[in-house]
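Enquirer: If you count the sequence shown from 1, position 160 lands on 160 in the UniProt record's numbering, and the numbers rise without skipping.
A few of these clues could be false.
Claimed, not checked - Calculated lysine-lysine pairs in the BS3-like style (CA-CA distance at most 30 Å, straight line):
1. 313 <-> 359
2. 49 <-> 396
3. 339 <-> 49
4. 80 <-> 49
5. 339 <-> 359
6. 359 <-> 396
7. 80 <-> 313
8. 396 <-> 339
Because the hints were derived from the structure by calculation, they are not lab data. Note that the structure is a prediction, hence the values are computed from the model and not measured.
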Amino acid sequence: MAAPVLALRDVSKSFGATRALSGMTLELWPGEVHAVVGENGAGKSTMIKIMTGVHAPSTGGVEVDGRPVTLSGPREARAKGVSAIYQEPMVFPDLDVAENIFISATDLGLVQRRGLLRERARELIARIGMSLDPDRVASGLTLAEQQAVEIARALSQDVRVLIMDEPTASLSAHEAGELRRIARGLAAEGVAVVYISHRLEEIFEVAHRVTVIRDGSHISTRPIAEVTPERMIAEMVGREVGNYFRKDESHATPEVLLSVRGLGVEDAFEGVSFDIHRGEVLCLAGLIGARRTDVALSLFGIRPATAGRVLWKGQEVRIGSPRAAMALGIAYVSEDRRKLGLALPLSIRSNVTLATLGKVLTRWGLMRERAERAVTQGYRERLNIRMADADTPVGKLSGGNQQKVMLAKWLETNPQLLIFDEPTRGIDVGAKAEVHDLIRQFVRQGGAALVISSDLPEVLALGDRILVMREGRQMGVIPHEAATQEGVMRLATGQDRDAA
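Work out the full structure: start from the sequences and follow the hints.
Expert: Here you go:
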């Protein structure tokens with residue numbers, strides 16, 4: 001009988017007293033998409049790093065084509081045909097798109113022939129259904145575009161095993177569908193694809209088999225035909241989780257907290273007008289390139305508006321900086337936690353109190369460490385942040401737990417308007433339920449939320465109203481009771497325009 005192209009055999013991995021994996025066994029076969037699901041902190045990242053040679057197992061072993069191997073690093077793993085696309089894109093900002101794609105190329109003739117290099121890059125970008133100039137410098141790319149470069153880089157290599165770690169987390173519905181098509185196409189060509197996603201609907205569309213892991217241990221592996229969402233969720237979290245994509249009753253009040261009229265930022269967006277009522281969740285929907293994030297950056301003063309008016313509680317204001325936004329009571333939870341949300345080398349407690357240092361400093365400017373730890377412990381319990389202790393560098397947490405730390409930081413400012421930009425990107429199903437409940441609790445207590453999301457079920461579940469954008473223009477505002485996925489997509493793709 002043929003051997004799996006890659007296998008983990010009874011693999012365990014410990015970091016000091018913390019055991020990240022325990023007796024993990026996994027077989028990857030050519031020609032299949034094998035989904036791996038589990039909560040943040042379940043051990044998925046450690047498993048990937050063992051398969052790619054970043055970490056060595058503490059016990060157990062790795063096999064390639066049925067033979068035991070020792071992977072001394074990512075270079076050796078790639079030489080054996082194992083590549084990975086990680087949740088956070090890793091590009092070189094000073095290089096252009098084509099150079100990033102072929103950064104590991106060993107064909108000097110290709111590297112030296114610039115025209116051919118760009119033509120090959122253009123072909124790879126086209127395969128993932130995106131339009132991206134190979135000469136464009138990477139420092140100006142969006143998260144979705146950075147992800148495209150990562151995918152194209154992996155496709156440029158002779159892969160036998162392609163690990164996709166949350167590959168669609170920052171992509172629109174259309175782009176995510178294209179990526180799933182690519183994953184299936186690669187499997188049809190004989191590649192073993194490992195597909196890790198917290199979007200459970202994706203799993204049922206793309207996977208042939210599904211492995212569930214929890215607390216570092218293998219729970220089950222089944223053909224997709226034998227899996228149900230309810231069973232998968234119960235195995236992931238060890239408990240039943242209700243339908244987190246449910247619409248709560250509206251808590252919107254007549255009081256308008258924020259009003260914008262004809263808002264615009266030069267070369268980004270224009271003519272955006274809406275009200276946000278106290279107690280309301282207003283969702284911004286649209287495809288990648290709709291410039292929804294630019295609206296959020298404007299309202300938080302990172303890219304101040306160049307046109308239009310902003311009224312806060314009926315008074316016209318100019319939000320020229322984040323400090324000005326925070327003084328009003330506005331907080332912004334960025335989609336890019338690495339660049340705009342967190343200080344990764346600092347401890348968890350330092351990040352939680354980063355925006356509110358005055359609360360934990362003495363009158364002489366000294367840190368009241370006990371107060372800082374108390375604040376952090378409160379959010380650890382409230383948001384279910386998985387961490388060894390408050391002194392752990394936040395960069396060592398899983399993506400979902402980093403997101404929770406960022407939420408804690410801004411909740412500590414006691415905002416009245418909380419702007420969430422892709423709040424559940426890269427977060428597991430249990431954490432999604434917690435974040436949704438957090439947003440609902442926030443507006444029930446009198447706050448207001450502006451939620452930017454590329455996840456249409458999330459938009460329909462959270463939004464009292466949905467504002468749809470396309471290419472920097474407002475296409476329409478849909479009340480929840482009239483909203484459907486099809487209706488939102490018609491506006492987002494320019495097939496319709498609603499003046500509601």
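Enquirer: Are the hints correct? Go through all of them and say.
Expert: Checked hints:
1. Annotation: proposed proximity of residue 313 to residue 359 holds, straight-line Cα distance about 26 Å (limit 30 Å).
2. A distance of roughly 14 Å separates the Cα atoms of residue 49 and residue 396; the hinted pair therefore holds under the 30 Å criterion.
3. With a C-alpha separation of about 23 Å, the suggested pairing of residue 339 with residue 49 holds against the 30 Å cut-off.
4. At roughly 15 Å between alpha-carbon atoms, residue 80 and residue 49 fall within 30 Å of each other, so this suggested pair holds.
5. A C-alpha spacing of about 24 Å is found between residue 339 and residue 359, which places the hinted pair at or below 30 Å, so the restraint holds.
6. The straight-line distance between the Cα atoms of residue 359 and residue 396 is roughly 26 Å, inside the 30 Å bound, and the hint therefore holds.
7. For the suggested pair residue 80 and residue 313, the alpha carbons sit about 61 Å apart, so the restraint of at most 30 Å is broken.
8. Of the supplied pair hints, the one linking residue 396 and residue 339 holds, its CA atoms being roughly 15 Å apart against a limit of 30 Å.
Taken one by one, the earlier hints fail for this structure only at number 7.
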